[in-house]
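2 protein chains.
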Amino acid sequence: MTLLEKARKGEVTEEIRKGAMSEGISPEKLLSLVASGRAVIPKNVLRKNVRIVPIGEGLRVKVNANIGTSRDRVDIEEELRKLEVAVKAGADAVMDLSTGGPIDEIRKLIIERSPVPVGTVPIYQAACRAVERNKSFVELTVDEILEGIEKHARDGVDFMTVHCGVTREALEKLRLGGRLLDIVSRGGALMAEWMEYNGKENPLYEHYDRLLDIAREYDVTLSLGDGLRPGCISDATDLPQIHELVTLGELTLRAWEKGVQVMIEGPGHVPLHQIETNMKIQKSLCHGAPFYVLGPLPTDVAPGYDHITSAIGGALAAMWGADFLCYVTPSEHLRLPTVEDVKEGVIASRIAAHAADIARGVPGAREWDDRMAKARKEFDWEEQIRLSIDPEKARELRGSSPPSDEKVCTMCADLCAIKTSQKALSREGKK
Amino acid sequence: MTLLEKARKGEVTEEIRKGAMSEGISPEKLLSLVASGRAVIPKNVLRKNVRIVPIGEGLRVKVNANIGTSRDRVDIEEELRKLEVAVKAGADAVMDLSTGGPIDEIRKLIIERSPVPVGTVPIYQAACRAVERNKSFVELTVDEILEGIEKHARDGVDFMTVHCGVTREALEKLRLGGRLLDIVSRGGALMAEWMEYNGKENPLYEHYDRLLDIAREYDVTLSLGDGLRPGCISDATDLPQIHELVTLGELTLRAWEKGVQVMIEGPGHVPLHQIETNMKIQKSLCHGAPFYVLGPLPTDVAPGYDHITSAIGGALAAMWGADFLCYVTPSEHLRLPTVEDVKEGVIASRIAAHAADIARGVPGAREWDDRMAKARKEFDWEEQIRLSIDPEKARELRGSSPPSDEKVCTMCADLCAIKTSQKALSREGKK
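In order, the protein sequences belong to chains S and L.
With our numbering, the residue at position 184 of the first sequence is 184, and numbering never jumps.
With our numbering, the residue at position 378 of the second sequence is 378, and numbering never jumps.
Any given hint could be a false lead.
Which copy is meant is left open, because identical chains are indistinguishable; a pair holds if it fits in one copy or across any two.
[Said to hold, decoys possible] In silico EDC-like links for lysine to aspartate or glutamate, alpha-carbon gap of 16 Å or less:
{"#": "1", "residue 1": "K6", "residue 2": "E105"}
{"#": "2", "residue 1": "K29", "residue 2": "E383"}
{"#": "3", "residue 1": "K423", "residue 2": "E139"}
{"#": "4", "residue 1": "K407", "residue 2": "D143"}
{"#": "5", "residue 1": "K419", "residue 2": "E396"}
{"#": "6", "residue 1": "K423", "residue 2": "E378"}
{"#": "7", "residue 1": "K173", "residue 2": "D75"}
{"#": "8", "residue 1": "K108", "residue 2": "D213"}
{"#": "9", "residue 1": "K200", "residue 2": "E276"}
{"#": "10", "residue 1": "K151", "residue 2": "E57"}
{"#": "11", "residue 1": "K151", "residue 2": "E250"}
{"#": "12", "residue 1": "K108", "residue 2": "D238"}
{"#": "13", "residue 1": "K280", "residue 2": "E378"}
{"#": "14", "residue 1": "K29", "residue 2": "E15"}
{"#": "15", "residue 1": "K29", "residue 2": "E382"}
It is worth saying that the hints were derived from the structure and are not from the lab.
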């Protein structure tokens, strides 16, 4: 039985117990969320010692870090360092999106070493394998594509992105025009290319039941990819995007029927005033399934700073219902991220996630901030640093500019408002 | 006559003409906004060649950068470099908050060299002058405090923060308790200390008419400070904060009566789900006067990254009505910002402001993003870099990791979705 099926039967498994404890909620509450599909616990049946990370409605917002090589940049050690840095910075999951070098080896190493759930996009594997065999991706058979997916499941992948919603009908909508950037999802573009070349329906849609059988066998959580996500704010919330979301909602129900856990992937590039609508329509069309968003980026003009842009969009998205934020690094749109970029990306997303947790009323979220406020009031700098989202960075900045009075900092120095007001408010009135 | 009075008379001054042009709106529209107090143009009557920066309802959201020394860190050349870097990064205004070293000299140099409007908090001046004379700030007379303010006006300051709303009644509310951090505004804390020591009302409140006379004489825009702003999310939207805002609303009307332009300063630390309310209550209580916000920071736990936290809060605030964002740097809560911090802070705030501009429907805002999307579609990297909010940074990141195919980048390399999908969608169907 899968985790979903066990939850439906009311079985309080170790996953439910551990997950509930980490969320600060009762096992019954988490059980009910998982049973109804409103939360998922990505965990391949073959994986041992992986952290239990429940993702979904009302739970702490989780952060994913994408790592992995590209054809132009292959350094296995660097990718393993990215894994380490991402987890240390607080990523709740990582995706290995390697498309260059010995990708089987890289994936196995990442799964072996990752304490957190690992996701992949198996279609990249198929594309790379095709190239190895001197074939084009479009020449792959349906069986070969599904074999690539099964291979990832067998390797122990906990969740995988499958672009099932890029249907022929969806591509027709896309052809109606109106987009500035048609497809910006690698998986979506590959599927579109395959479909156009072969004149056939998307095999992940047409043979969705075979995909579900694989996911069921290994208890892999499906992350239904948004192959038609907007790649610029001008394309946001348009017909192709919403058409795909409608399809993903239907596929959600079919996955649940087979006992397979599902989350939905979402945009992308969305202006601020459309984020709330995007979150609500997803929850509605996809029957409450967890929403896993990339960004969203509320502006297209900040390459080099897209971790910030994404933190803005992600915070809003999570406040309004997104459950899982895929980080974006400062390098997005420019290059494969460095190890330092990975850290910056994770921290920015965690800030967004935590700000949203407070707004969502997640148990324990506000307490963290209140402890920080208390430490500030007491000029307890060690505690302030300890409580910081990145204690190393906080210590480094403070240490680089030591104040003459160790109680304060060099920004206000002797004019520290907290000090002044404590003096003022403790007076007994007129001298 | 002040700018406000001329606008009321329907006079299309050079300021209105230039301001309207820079905003892409008609002079009549800007005239009406200024006349009604819903927009301000900070410009001291003595200042020549200062950029015209209209701030207010429906206008492009502006960004301010705070610079200036503290007792623990005095380096005039560094502060002038901060000015230069802030303006180059796109700050629309700067505030000189110097409290250490030869602050008169620093202020004069900054005003002399700044192409954008300059603001100050004259009460800091008074506090520092008192120390120079071996007096405590609390021993200053009302006349001495007002002289300090007039001195700044005479020096050509375009806007100044005055903490008039920290009244005895407000402090009583504060004493009712409930706050984790009582006062985190330097100016607010100084006023509270003075009031408690002297057993008197806030002189900036009690002698508000004298303050208005100074502002009127030099046509200085008053920025009514939020001395009781929340310093942690636990204190947000509470009685002292809102009590002060009510007072500032009353003082707004009194300023307008005297022909003085006014904006209102706002929080501070505010959780995401309270930002909309905070913006709307300000616009309502303060009769549509422009809202100038510091942050808001939707979480307290990210020292070292508060430019990101602030960008999240600032974007939401500006979408919902804030007109002017005071940047926060990565060093906030830890040290006086460095030159590099100043740049990071300005860029983060500009991203927030621009994202909000799109949501506000500011003329021309979306077009910037659309040009970027078009350049991405066309693999026009020079144009992408040119259009970036920080072209140097974008060029540096891309240049550090050159792709083997110059059309793409090293993130996706040969699997570039835009390339793949253009190929796919241009096919004529089945082979």
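The hints, checked one at a time:
1. With identical chains, the CA atoms of K6 and E105 are never at most 16 Å apart, being 33 Å at best within one copy and 73 Å at best between copies.
2. In the homo-oligomer, the alpha carbons of K29 and E383 never lie at most 16 Å apart, since the shortest distance is 33 Å inside one protomer and 52 Å across protomers.
3. For the homomeric pair K423 and E139, the shortest alpha-carbon distance between copies (15 Å) is at most 16 Å, but the shortest distance inside one copy (77 Å) is not.
4. Within a single copy, K407 and D143 get their C-alpha atoms no closer than 67 Å, and across copies no closer than 33 Å, so neither meets the 16 Å cut-off.
5. For a Cα distance limit of 16 Å, the shortest separation of K419 from E396 qualifies neither inside one copy, at 23 Å, nor across copies, at 43 Å.
6. Taking identical chains as interchangeable, the C-alpha atoms of K423 and E378 lie at most 16 Å apart only when both belong to the same chain, with a minimum of 13 Å there against 62 Å between chains.
7. Neither within a single protomer nor between protomers do K173 and D75 lie at most 16 Å apart by alpha-carbon distance, with minima of 40 Å and 61 Å respectively.
8. Taking the shortest Cα distances, K108 and D213 never come within 16 Å of each other, neither inside one copy (22 Å) nor across copies (74 Å).
9. In this assembly of identical chains, the alpha carbons of K200 and E276 never lie at most 16 Å apart, being 35 Å within a copy and 48 Å across copies at closest.
10. In this homomeric assembly, K151 and E57 never come within 16 Å of each other (Cα to Cα): the closest approach is 31 Å inside a single copy and 57 Å across copies.
11. Taking identical chains as interchangeable, the C-alpha atoms of K151 and E250 are never at most 16 Å apart, the minima being 26 Å within one chain and 70 Å between chains.
12. When the C-alpha separation of K108 and D238 is checked against a cutoff of 16 Å, the pair qualifies neither within a copy, at 38 Å, nor between copies, at 53 Å.
13. Proximity of K280 and E378 under a CA criterion of 16 Å is satisfied in neither setting, with 42 Å inside one chain copy and 33 Å between copies.
14. When the C-alpha separation of K29 and E15 is checked against a cutoff of 16 Å, the pair qualifies only within one copy, where the shortest distance is 13 Å, while the shortest distance between copies is 61 Å.
15. Taking the shortest alpha-carbon separations for K29 and E382, neither the intra-copy value of 37 Å nor the inter-copy value of 53 Å comes in at or below 16 Å.
In summary, the structure is inconsistent with hints 1, 2, 4, 5, 7, 8, 9, 10, 11, 12, 13, 15 from the numbered list given earlier, while agreeing with the others.
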